[in-house]
Every structure is written in structure tokens, then in C-alpha cells.
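Working from the sequences, and respecting the hints, build out all of it.
Residue numbers (this note's numbering), protein chains in the order written: chain H, 1 to 333; chain B, 1 to 348; chain G, 1 to 338; chain A, 1 to 512.
Be aware that a few hints might be false.
Listed next, the in silico DMTMM-like pairs over lysine to aspartate or glutamate satisfying Cα-Cα at most 25 angstroms (straight line) [to be verified]:
#: 1; chain 1: G; residue 1: LYS218; chain 2: A; residue 2: GLU301
#: 2; chain 1: H; residue 1: LYS241; chain 2: B; residue 2: ASP171
#: 3; chain 1: H; residue 1: LYS32; chain 2: G; residue 2: ASP47
#: 4; chain 1: H; residue 1: LYS50; chain 2: H; residue 2: ASP332
Since the hints were made in silico from the structure, they are not lab data.
Being a predicted model, the structure only gives us computed values, none of them experimental.
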Amino acid sequence: GGTTKDSVGSGGGKAASTATADPNAPLKEGIKLAFLPKQINNPYLTLVDKAGIAAAGEYKGEAKEVGPSDASASSQVSYINTLVQQRQDAILISANDPNAVCGPLQQARRRGIKVVAYDSDTAPQCRDVFINQAASEDVGRSQIKLLAELMGGEGEFAVLSATANATNQNTWIRHMQEELKKPEYAKMKLVKIVYGDDDDQKSFQQTQGLLQAYPNLKGIIAPTTVGIAAAARYISGSKYKGEVVVTGLGTPNQMRRFVKDGTVEKFQLWNPDDLGYLASYAAAALVSGQITGKEGEILKAGRLGERPIRAGGEIVLGPPFTFDASNIDQFDF
Amino acid sequence: MTAVARQRPTRPTAKTGRGEGGLIDLVLRFRELGILGALIVLVAVTTAINPRFLSAQGVEDIFLNASILALLAVGQTLVVVTRNIDLSVGSVVGLVAFVVGDAVSGTQHGVLFAVALGVAIGAACGLVNGLLVSLCGVPALVVTLGTLYVIQGLNHYIAHGEQISAAEVPDAILKLGNGDLAGVPYLPLISVAVMLAVGCYLRSYPSGREFYAIGSSPEAARLAGVPIRRRVLTAYLASGALAGLAGTLWLARFGTVVADPARGWELDVVAAVVVGGVAIVGGVGTVYGAALGALLITTIGSVLVVLKINPFWQEAVVGLLLLLAISADRLVALRLARVLRKRNVRHG
Amino acid sequence: MAEATGTVRGRDAGAGRLVRWDVVVTALLVAVFFGGVGISPDFGGTDNLSFALGDLGEIALIALPMTLLVVCGQVDLSVASVLGLAGALTGRLWEAGWAFEAIVPAVLAVGALCGLINGLLVTRLGLPSLAVTIGTLSLYRGLAYVVLGTEAVSQFPARYAELTTTAVPGTPIPYQIALFALLAVVTALVLHATGVGRAMFAIGAQEDAAFHAGIRVKRIKLALFAVSGLTAAFAGVVYTLRYGSARADNGMGLELAVIAAVLLGGVDFNGGKGTLGGVISGVLLIGLLRNLLMLNDVATEIQSVVTGLLLIVSVLTPRLVGMARERRARRRPAAAST
Amino acid sequence: MNTSAPPTPPRLALVNVSKAFGAVQALRGVTIELYAGEVHALAGENGAGKSTVVKTFAGVHRPDSGEVRLDGEPVVFNGPADAQAAGVAVIYQEPTLFPDLSVAENIFMGRQPRTSLGRIDRKAMHAAAADLFARLGVALDPRQPARGLSIADQQVVEIAKAISRDAKVLIMDEPTAALTGQEVARLFAVTRTLQQAGCAILFISHRLEEIFELCQRVTTLRDGTWVGTEPLDGLTADDLVQRMVGRELEELYPKQEVAPGPVALKVSRLTREGVFTDVSFQVRRGEIVALAGLVGAGRSEVARAIFGVDRWDAGEVEVDGTRLPPASPTAAMAAGLAFVPEDRRQQGLVMDMSIERNIGLTQLRSLRRASGPGPLISRRVERDRARDWALRLQLKFSRLSDAVGVLSGGNQQKVVLAKWLATEPSVLIVDEPTRGIDVGTKAEVHRLLSELAARNMAVLMISSDLPEVLGMADRVLVMHEGRLVAEIPRAEATEESVMAAATGRRVGKEAA
Ligand SMILES: Nc1ncnc2c1ncn2[C@@H]1O[C@H](COP(=O)(O)OP(=O)(O)OP(=O)(O)O)[C@@H](O)[C@H]1O
Ligand SMILES: Nc1ncnc2c1ncn2[C@@H]1O[C@H](COP(=O)(O)OP(=O)(O)OP(=O)(O)O)[C@@H](O)[C@H]1O
Ligand SMILES: [Mg+2]
Ligand SMILES: [Mg+2]
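Structure representation (C-alpha cells):
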């Protein structure tokens, strides 16, 4: 992974970085931490959180998952407030909106609660560290590379995104557009970005509409697990199968059928278990004083080994992994 | 006699004229024609701009998309006609899609099992609504908003972050959602069959007319000895059962189901019914209109994508077209009423 | 709604005299409050109450004009979309460098205009408000996306933002709730003690009769829709400041929460019946109960079930008590005669 | 015939029935027996309990004590369906139609003729409805929706519905209140046919001559108690009134002679296309002007347009010299106009609202002013004013906070009058002011109208009750098919002259 200039801003005022880290401090026992996903019934985030809760068992912490049933920032705020009242030691959040959750998170930090963002970042000044599943730039650029490879380097394509406001989606799309400026992609054209709102049915319908509106469409990138499944399902049952390339970010269980029937050749993702595991350890390390979130500190993350804290308090899990017919059966999530 | 003897001037009834009058009567009697007209205009304009819209695949897609909404609209019509409302249908669809999906995942259960299970769950939800509304006489809107929340919660509780994935759903069931009979997909076939059956029942059977009687005037219905409770209960049962069927079809069509997939659909269904000319105050409207309303709303959604309307504008345009549809319908009605009144002068 | 039947609901009124819906809800509210303090020590704390109340601000504010509308037999489902549009506009104008003091009146004017459009469609064309506002629900939310797209604007002036996140000094009452309390008193007086209030009940119960009594039915409805839009826009500004983030999807789905609160408060959706006190109890009950459940780690799905059951129970209780009493009343004279 | 009852048990009977609504004791130990082949009258003042008797027969109410007997056997009707199954057909006092359904469907709801497949045979149904209308001598289209029917036509549909049942017992609660002439005659003819066929019939009317014409025996109620049952032979109208009211009655049409003052209401060339054309007239202060005509002649429509509830297409209306804007009841009221509409259930009253609120609804502004400074209305002021008017009109009620819907029909009418008189108008338009009002109250209303006119109010009265028109009016305006065809001064107004004009044979002085 390269540098991640987008997600960092200027680094700004970091509230909690006055303390100094003691890399050798032992992990405390009985740490109370809470995972706050975008919404509780997001299957992907459920996997992440489960792994995180399991990891807490390794260092004898008490972890739980709470969260709203709708992916809105306002419901997350209510939960943050409640977690503060419950005096948790750390809050791990996948933010629905980088700024809307900021105020309450800062209040939490003022009361000594550590905040770890994972999956979807908050504004940098509102959390101690951000566990990035893959550097955003990597995701954006590698998706274009993958698509170029599958489309043979030329033709029209479209992006099927989640909600129009999703921070990570928009960042990835921006990096895709930058990557496209390179001369080797001169014959590829991004004709349209549509939003399926992470709603299976809507994504399905959007795919359908795209194919009617753009007769020459040769490819679709859906950098969201809901979107890619819906797009693949539509294509697999229509006459466009084999003509239109679908790729993006998806989970192997969802995509297995489409990889096997040839609708989708390759797609990417990272391991959600590792993401949860890493976040959980980061929270514990923060609470125990092993790290403070400053650039250059090293997080010791159990079985995942050591990860450096990059600029802006970011910890990167690793580059996205590409799934295809040859390896998909080795995964079950 | 004390009273003034009165003779009734022979009134020009709405049936007198043919020609112009005949057309007016036709439009007045079959309000569904207006929606059909709007639909035809919409499709014609879109096709003129993008001929692929009317390709076999395009038409098939629209009908497939509209089927489930139409099914729900048919059920909702039964309820709305009795001056009630069922806001819980969206959550019932979600619950059924998930629970049935869960039950058939990894098994070799057939279509019959899935449909029976789905309809049973839906009917059970409808029964609860119906009993509360008809037996206890509590306001339908409050009850069904309440059951919406309850069923939604149940659905999330059962799902608990899991999802049903298409890979595990038996092929037989997926075929129901994506297969076809002589080129016509099953889904619209099912919806049309249900619509015709319910439409015929409501129009041509005495007990069917009683649904309209109840909605038109509950007080009069009571005095006329109409079994109000039984009919209202039936309406909710039917709406629930159809929502259950729709839930099963959802599973069959999409394969992948997360918790509460049809969240927010209650408003779409009500919109379809209202656009279809079913009076929200009861007593008026047909299932054909409601189904057409569902088709219109779905078509608007597809048209916008096909016409490459900026996605940011899409939702706004959907709303605008909805308003246009109901306003136009209303303006035509007002105009016709004026024409009819003035026509009295010429005849009288 | 549009048409009253003139059905005599006299007997219901008789049965309900002692067990009124809004009284049931108020009693539940008191029970939940003291029960909550008993169960969980944090619940009654100043901080927590302040959060819980502050969280309710927008719903509470919008519930006021919504109560009046529902009493008139109307409903405005577009409020959450107007709230979103107001937020989006606030964000767009702030980004464009407008002074915040200029943004607020502009946004409020747009909100009132949105309400006016609802009102005109309802009064001029005689369309059912449920249908109209389902349409504008899409329209206004769509416009919010048109205005702000995918952006999220933040960094609003702290001076104003603080007003929405802090409490009136010395109390656990956030400023927006203090404002709500003030407006609630005014609204209650208007509804229950002025001529316009009387007119609203008449419109809701039997619009034709109200019209024949010389009441300006259309004007009142139109004004109420405009006020509803205005209030929703104001709530949109509060929402934006409170979360420090202007987004097109702000407050998605809030309309059902508002309606639930109003219905829970005992306002008859057919119009012509209800009290503002009941609605205030309803709003507080939903908010405090949710907070209590959250504090005790009750899962969201259960919270949703509880909200639903609460709605059902609150309408069922007076009804069942009434039915039981009726049955008893029928048995008594019969027994006496034998 | 003498008082001894026929030997067979009565078809349907109430024995010692009591019924209370909350604090109101509507019936106290009432016994009434309906025999086959007899038309039985039920008489009593407004609120005496007649409709309660009807509803008890119909299975709508269950007696608190006492019992209902069918052919001598006690029965319990658990709702209207039971009573219908037992062969009881009922015409309720207030028409209860399904506005969205066709007239034919209204008549045959639940008993539609069917084809062999069990489907509704619409053709047969419409034919049967047309048949019924022919029997009743009215020209209604069976296909037409019930919405928009005049009160009279609604009543006709109700009658058709009841007689189509071939019932063993027919109960009619003021079926003629909105009817006159031809329709009443036809109704009576049909009733007699049913009677001869062995039907037991209960008939209620406030028009005593109808009772004498049609019925054989009469039961009188006073305040929910049974006063007596006796044959009508040998009874005089005064006797009947004496039993109902418990006192002698004053003069029925207490017309006071007044010298007409300045013009208060001036209507010029008023036209609403398709409804009425070119209507011009004036009403002076102190005058009572009646507007007469046949059903559908457009009288109510003219009144509605003047008051502004309907829009007019041409012409103008002046009240005390001020021109009224079109279609604004509020402006009309501000100019001093008051309008008692024909349909009190839909237009006159808010049924679910309390008596006091209904009375106050027309004077919200003056109530506010009377409540002292500030925008609030004092409940005490509101209640005092309501009580004042309730007493002046001798309203029968238990609490002012009760919903008007629970009042008897006549008492509801009084509330409508109270609500408008309380506005102290200079011009009062009353549409069928005494429909469904008992003789005692009718005299009361007439005295009131007279008094108001004497106190310089201009009154425009629409009435289908010809004696009322002749007794009360200073001038009679007659409408025919949407046009004003005659203006007949009091001296020349007779049954013949008014009828002649109303049917289009112009006898009276031509209108301008
Ligand atoms: N549903 C009800 N609830 C309460 N009181 C009622 C109800 N129905 C009737 N009453 C009361 O019972 C009494 C008898 O009313 P009823 O309608 O039987 O009178 P009526 O003789 O038919 O009068 P009218 O000639 O005016 O029609 C009245 O005092 C009335 O207010
Ligand atoms: N030509 C017509 N065709 C259909 N309906 C008509 C016609 N003329 C009048 N009506 C209806 O008949 C009803 C009676 O009309 P209107 O009120 O003008 O008559 P009226 O003289 O006041 O008689 P009423 O004694 O019924 O009050 C009205 O509701 C009107 O809609
Ligand atoms: Mg009566
Ligand atoms: Mg009339």
C-alpha cells in the first residue's frame, strides 16, 4: 500500500495524544468494549464484530455489539451516548457519517473512553485510531486494474455504489477516477455512477436500468457487498451474461454461485475476521496504554503480528485479496 | 294533504347521451383508464427516446419488478376499501422472505412447501391485525403501525445479522422467481391470476360487495346486518396471506435476503393503491386500479434510469410524477363533474 | 379523514370518560420514569436525561403541528423530507459562504413553501393529504439530494451548534426542549382554548358542517400545512447543528416516529379528537423508554417490538376496559330484573 | 273495531322494556304490540323514545330489562342481522345509505339476485330496483350512486329497501319527513297493500293527519314512558296532542303582523348553470318569505348559493346594501346572514362534538370578545351562552357536554337553530326548519320565527310543508325547474295557487 493522503486531512488537533505510550505495558484484563457497527444486521459487519468479540476473549476483555437497525448517523449518536453512560472503556465504531458522530465521540474521549474507528472512518480528530481494511487508494486503483484486465482494457463501464453519502464508497470512487486518467486506460470510459443504497432490490433494478440505458456497457464495478451480489444476480439471469463484466467487493459465500456459473470472474475483499481482530486489539492496546495513536507507534496484534500506526492514526490491515474460481472454496464467510 | 304535492321533473340521468356522453361515462365509471393512459404515455415517450425500453428483456423486467408490489397492492385494496389500512405488509414480506429462506436453505424443499409456509406466516400476521382491528375495534392505523414495529423487530431478532444467500436456496424455488411459462415469467402470471380472482370476487359476489359497503358507511353497514367483523377480519387475513405470498416470491426472485428487505414498502404500497384510484377513506376503487398503480410506480422507477436522469433527481421526479398522476386524475374528475352539471341545462 | 359519516360514537365517549387514552399514556410515562430510576441508577442522572430529551427535540417539535393537522383529519408525511431538505440547504448555503444568520430565515422560508405546496394540493384540488404527502415525501427528499448530492457539510459555527447540544444552565433540559415546552404551551392554548382550536376539531370531525358554520376550512388547513413545513425546516436546522453534519439523508424515516408519537398520545387519526397533553406524554414516553432499554443493553430489535406493543396496548387498554364495563352494565339491570 | 286485541299473538312486541343511555332513561317499561294486518302508530314528542323503540325492534339496541317477543315467543336480537332474519324490515329515521354504491346495490345489499354461478345478476338487480321505484312512483336510476341524492330521494331508497324485503314486520321511523304529495300517497298505497298481505306495520310521523289517514291504533310515549295504546277511531288530533304533550297546545301558526322595513336581502339575476337560472327577489326586514316548489326545483340550491357554500356563475347578492363576494360563508355571516341547512347530520351539526361546542361554533369571534381580553375563549362564557339558548328553545338534554349525536332528531334540529340564532343575524335563511320536529316544538319554532321577524329580522324560509308555508309566509316565491316562476302575496296564497305555479301552470302573479 502507498500513502493514504485522502483519509488523513492535515492530522489536525489530536485531543488524546498528549499521553505517552508504554509499549511494554501489559494488556489489562476485564476491559469493557463495545462494537457499534453501521447497523446491526449488516452481514459483513456482523462477521467483523463477531471476530472482534472473540478476540476480546483472548485478553479476557468483555466485548459486546450494540447498534441501530437502520444505517443512520443519528441512531448511532444515541448509542454513543448510552455507551458513555455505561462507562465503557472503549468504543469501536464503523461510522455512518464522519462528522455527525463526532461531538458525542469527543465527549466520550474527554471522559477517558478510547475510540477506535474501523471499516468507515470518522473525522480524524474524533477517534484515537482508524483500522483501515485496505488503504483507500489501493482499493480504488486495484478495482480499476482488475476491471481493465477483465474487459480487455477498453469499453464503457459503470459504478454501482451503495448510498450516495457513504464516505468510503466516495473515496474509492474518487481514486478510481484518478487511476482512470492514466494513459493505459484511455479506451475505458466511466459512463455512470448509480446508487443502490445497499438495498438488494434497488441495486438489482439499477443494474437493470443501466443495461437498458447504455447498450454498449461492458462492465460494472460494485464496490459494495450488497451491490455486487445484486448486479451479478441480474446479469446471471439475463441475456447479458458473458457479455458484461461484473466485479467489485463481495464476500465469497455470496459470490460463490456467480463465480461458479461464470457471471463473475474475479472480485476482491479483505478478511473481515482479521479486521475485527485487529480493531479489538487496537482498542485493548489503547486502554492499556500500549499505544496512544501517534504515528510511528507499533500495535502488537496477537496472531496478526505487529502493525505500525501510520500518519493520521491509521492502521492498515493489508491489501485487498482477489478471489476467483481457483481459490474461492477455501473461504467461508 | 298538508304537504305540497310534488312531481319529480324527469331528470337527465347520466345515461342519456351516447357519443360524447358515452365517453364521459366510460371515464367516470372506469377511473382506471386514466392511470392506464398515464402509463401508456410514459411508456410511449420513453420508448421514443430509447427503443430498447420496450425490448423483450425490458418489458419482462418491468413486469417482474411490478409483480410483488402489485400483489401487495391487491391485498391492501381489500383492506383500504373497508376504510382500514395495513401498514405492516412491508415488514411481513421481510419476515416471510427471511423465515422461509431460512427454512428452505440447504434443503430440497419444493415450491409448494415454501408458498404454504409463507402464506401461513403472512396469514398469521394478518389474523393478529384483523382480530385487533375488527374484534377490539381499535384504529387500524395505530394497530398496524404497531405490528409493523413488532414484526420488524421479530425479523431482526430472527435474522440477527445473518443473511440468506441464493446459493443455499433450492433451485426449484429460485426457478419460481426467475423461470417462465411459455416465455411469460411466473411472477406476473401469479399476480395477474390473484388480481383477477380478487377483482372478480369483489365485483360479482354479494360478500365481496359488502367490503365496499363497510368502507362506504360503517354505520349503514351495521344497520344493514353486514357481518362487519368477519369481513374486516377476512380483508386483513387476505392482505396478510398475500404479503406472505409476496414474501415467498421475493425470496424466489432475489435469492439473497437480508433482514427486513422490504423496509419502507408500506408507503409504496399505499402510494400504489392511492394512485390506482382506491379512496383512502374507503368504499371506492378496484384491485385492477391498484395493480395498475403498482405498475405505474415501478415503471416510473425504471424509466428514470433508462432516460439517464441524474440519480440525484430520481427520487424527486418519482415524487413529482406521483403528484402529477393523482392531480391529473382529480382535475379530470372535477372537470367532468362540471361538464355533467352544465349538460343538465341543455337537456332540462 | 376527508369525509365524516356522522356516526354517533356516543357510547364510546361514555365508556372512555373515565379511562382516557391520553391518561393511560401519561400514567405509563410516570411508571416508566420511576421504574427506570429504580432499575438503572444512570437513567435519572442529569447527563442521561439531558441526552434522552435532546434526542427527542426534532420529533417533539414536529409533533406539535402534526397534532393540529391530525386533529383536522389531515396528515403530513413529508415532514422528515422537509427536515432533510432544510439540512441540505443549510449545508449548501453554508458552504457557499452565507452567514448563518441569513441561512436560517432562508431555510425556514423554503420549509414554509414546501408546506404551502402540500396545503395547496390538499385544499385547491381536494386531494387526500395522505396521498399528497406520500408524493412530496419523495419529492422533497429528492430535492435534498439534488441540493447537496453525496456531500456532507460540517463545521457549523460552534455558537449555534452548542445551543443544540447543551442544556439550559442549572437544568437537564436542552435548549431545544425548552423551546419545545414553550411552543407546546402555546399550541395547547391554541388547540384547546381558542376559536381556531374549536374550528380545528370541527373540521376534523365533520368538515362539511364546519364549512357551513362559516369556518374558513381551507385557510386553516393551508396555514397548518405551512406551519408544519416551517417547523420541520426549523427541526432540520436543529438536527443539522446537533449532529454537526448536513446531509441529504438527515432524518430519513422520522415521519413514522412522529406519527407514532402523535397516535400514542391518543389523537384520533380520523380527526376531531385528541389532546396535546396526550401527545407530549406520547413523545416523552417513546423517548424515555427507548433510552431506558438502550441503557440496559436491550437489543434494537426488542426496542422496536416494545414500541410496537406500546402503541397497540395504549389503544387497546381503554377499549378493553370500555368493553368490559359495557358488558357489566348490561348484566346488572338484567340481573336485577330476574 | 274495538280495543280488544285479535286472538292470535302479536307478530312482534316489546313487553315492559326499559333502556337507558348513561344517565338518560330513554324507555321506562314500554309495552307495544304489532299485529299482522294492522298499521300501528307511535306518537310522542321529540326525544320521547320513538326511535329507541324502533332500534330495539331492529336489534340495534338490547333492552336493559323487559323482552322482545316474536309471535309470542321471547327472542333476543343480537344485532340488526338477527332482526332481519326474523323478518323485520326497518326504515330508520336518518337515511343510512352507502354513498359510494349504486342505488340498486343499496337496496339489495346482502340479498342480491344471483346467477346460477352464485355471481350477482346485475341486470336482474337493476330491473328489480326499477320495479320498486315504479311502485313508489319515482323516477330514480338504479345505477346512479347514492352520493348526491337529496334527502327525499335517500328516503325513497330507504323505503324501497324496506319494502323489497317482503317482511313480516315493517317499521318506519318518520319515513315521510322529507317526502310530500305524490310520494307520500304512493307510500301509503304500498303500505296498505303490505298490510292487506298480512304485514305488521309500525308507523311514526310528526304529521298527525298522516297518522289518522293510515293507522288503526296508536301508542303514545311521553318522556320514555308508555301513556296508552288505543284505536284511532274516535280520537281527535287534539286528544292525541294532549296525550303526547300533556297540555293544551297553543296556536300552530302564530303569525304576527309586521310592517315590512327596508330591504335586507337582495338577490339579482343569480344563476348557477345547470341548477337554477336568473333568480331575483328581495326580502325586507320583518318579513317572512317562503320559497316553495317541487323536489329538485332548486330551492335549496339557491339558498346554498346565497350563503356562499356553492359558487354561483352569475348575478349578485346584497345583504343590507353590501355586496357579498361569491362562495364565502364567512363573508356572508359577517354581513349578517345565517343559514340553517337542510341536512343537519352532514352540514348542520358536528355529530361527535358537544352541544355547547356546536352552538358556539358559529360565534367563535364573539365568544372570544365576550371572554375578556386576549385570544382565549372562556369555557364558562361558552357554556352560559349555550345554556341560555338551550333553555330558550326548550332543548331536552342531560349535559351540555354530551355529543349532539345522542340527541333525538328534533332536539338536534333545535341545536342547529340555536347555533344560528345565537349569531343574531339580520337575515335568516332556514331550509326545512321543522323537518322531524314534533308538533309542540314546531309551534315553538314558528313562534320563534314570527318573533324574530317582528324584531326586524328578514326570514327566508324553504319548506315543503304547505300549511307551514301558508301559515307563516308574508309572501310565497315559487320555483319551478330552476326558475322563479311566481310571487304570491299572503292574501292570494292558497294550496291551489302555489301548487299551480310549482307544477308550471302559472297562476300567480308572474315574477319580475
Ligand atoms: N345512543 C344514544 N346515546 C345516548 N342517548 C341517546 C341515544 N339514543 C337516544 N338517546 C336519548 O334517548 C332519548 C330518546 O331518543 P329517541 O331518538 O328515541 O327520540 P324520538 O322519540 O325518536 O325523538 P324524535 O321525534 O326527535 O326523533 C333522547 O333523550 C335521546 O337523547
Ligand atoms: N336535474 C337533476 N338531476 C339530478 N339531480 C338533481 C337534479 N336537480 C336537482 N337534483 C338534486 O336533487 C336535490 C334537490 O335539489 P334542490 O335541493 O335544489 O331541490 P329543493 O327544491 O330544495 O328540494 P328539496 O325539497 O329536496 O330540498 C339536490 O340534491 C340536487 O342535487
Ligand atoms: Mg326519532
Ligand atoms: Mg331542499
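Practice prompt. Take a quick look at whether G/LYS218 and A/GLU301 sit within 25 angstroms of each other, Cα to Cα.
Written response: This hinted pair holds, its Cα atoms lying about 22 angstroms apart.
Discussion item. Check the hint pairing H/LYS241 with B/ASP171 against an upper bound of 25 angstroms on the C-alpha distance.
Written reply: Holds, at roughly 19 angstroms.
Worksheet entry | Pairwise hint evaluation, G/ASP47 against H/LYS32, where the allowed Cα distance is 25 angstroms at most | Between H/LYS32 and G/ASP47 the Cα gap is close to 21 angstroms, so the pair holds against 25 angstroms.
Worksheet item: Between H/LYS50 and H/ASP332, is the straight-line Cα distance small enough, at 25 angstroms or below?
Response: 14 angstroms, holds
Checked against the numbered hints above, the structure violates none of them.
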